[in-house]
Amino acid sequence: MAMTEQRVSYTLDSSLETIDNAEEKATIIANELGFPEDEVMQISMAVREGAVNAVLHGNAYSPDKKVNLAFERIGDDLIITIRDQGSGMDLSKIPNPLAPENLLKTSGRGIFLMRSFMDVVEIRPSSTGTELKLIKHVHGSSAGGKEASQ
Amino acid sequence: MTMKVSSRQVDGVTIVDCSGRITLGEGSVILRDTVRDILAKGNKKIVLNLQNVNYIDSSGIGELVSAFTTTKNQGGELKLLNLTKKVNDLLQITKLYTVFDVKDDEAAAVKSFK
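From first to last, the protein sequence lines stand for chains E and R. Quick note: the first sequence, position 135, residue 134 per numbering that gives the first Met the number 0, numbers continuous. Quick note: the second sequence, position 7, residue 6 per numbering that gives the first Met the number 0, numbers continuous.
Honestly, the hints are just simulated from the structure, not real lab data. Every residue gets a Cβ at the ideal spot worked out from N, C-alpha and C, and that includes glycine. Be a bit skeptical, because a hint or two may be false.
Said to hold, decoys possible - Examples of chain E residues toward chain R, derived with CB under 10 Å: (1) I18; (2) E22; (3) D37; (4) R47; (5) L102; (6) S106; (7) G107; (8) F111.
What the hints assert, rightly or not - 20 Å max Cα-Cα, derived EDC-like pairs, lysine to aspartate or glutamate: (9) R:K85 <-> E:D19; (10) E:K104 <-> R:D88; (11) R:K85 <-> E:E23; (12) R:K85 <-> E:D37; (13) R:K94 <-> E:E100; (14) R:K84 <-> E:E36; (15) E:K24 <-> E:E130; (16) E:K104 <-> R:E76.
What the hints assert, rightly or not - Which stretches of chain R does chain E cover? Using the computed rule of at least three CB atoms under 8 Å from a CB of chain E, they are: (17) 52-66; (18) 83-95.
Here chain E stands alone, though its shape is the one from the complex (with noise of 0.2 Å):
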């Protein structure tokens, strides 16, 4: 994306390269938004394991379904959306992977990776599929992240 753009967008197919072809394309676009380092390495995590759930829990690697991946600056934040063509994401079944019943579990840690690197993560299921949308502040603070990730 470059500089002078607001937005862009793809969409990809459901498949493990396109969860690889998700967390690059993130960190492209971090950089060229002069995100520091380290958070550009916690954005494109975020964007991998929401591309991770879209096309594993979501669309099942359907090669029928797709996922919609955008990319858009607006003021001081950078708002990433990822959608997928599921049956939504039930939230009452996302565990807290910090209990201690928990810890050793093998999965159910993505959305609380994204939580915890992102500075806003709205998740909003429907029949038709999931919406991600994942916020980091351009010229943000850490603390953001702290908040969001309880």
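Based on the hints, put chain R in the right spot on chain E.
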């Protein structure tokens, strides 16, 4: 960069030198297969040297947990060695730093097995 592993023996301990990325897909599978092969050969003292692992995602974290519990369930021990700052930070925020036995010196890691 895909993940690469190589194993060596030091005083009865299997040290697995890992490099690259431990992520969903190939990286996680390589780690899983490597630990299973080591355990299948009867080696139950394992150190994962993560010095050259520059990236790990939630699937990779899950794979580390799986390797840890699989080894433990078979009467063995799996320890982590030489974490990069990124991996260290991830284990801190996921509270897994308290679960794993993390070392920063290979000789000390080898000696720490009973």
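Quick rundown of the hints versus the structure:
no., hint, result
1, I18, "6 Å, holds"
2, E22, "9 Å, holds"
3, D37, "9 Å, holds"
4, R47, "6 Å, holds"
5, L102, "6 Å, holds"
6, S106, "5 Å, holds"
7, G107, "8 Å, holds"
8, F111, "7 Å, holds"
9, R:K85 <-> E:D19, "18 Å, holds"
10, E:K104 <-> R:D88, "19 Å, holds"
11, R:K85 <-> E:E23, "18 Å, holds"
12, R:K85 <-> E:D37, "9 Å, holds"
13, R:K94 <-> E:E100, "12 Å, holds"
14, R:K84 <-> E:E36, "13 Å, holds"
15, E:K24 <-> E:E130, "18 Å, holds"
16, E:K104 <-> R:E76, "18 Å, holds"
17, 52-66, "holds (count 8)"
18, 83-95, "holds (count 6)"
In terms of the numbered hints stated before, the structure departs from none.
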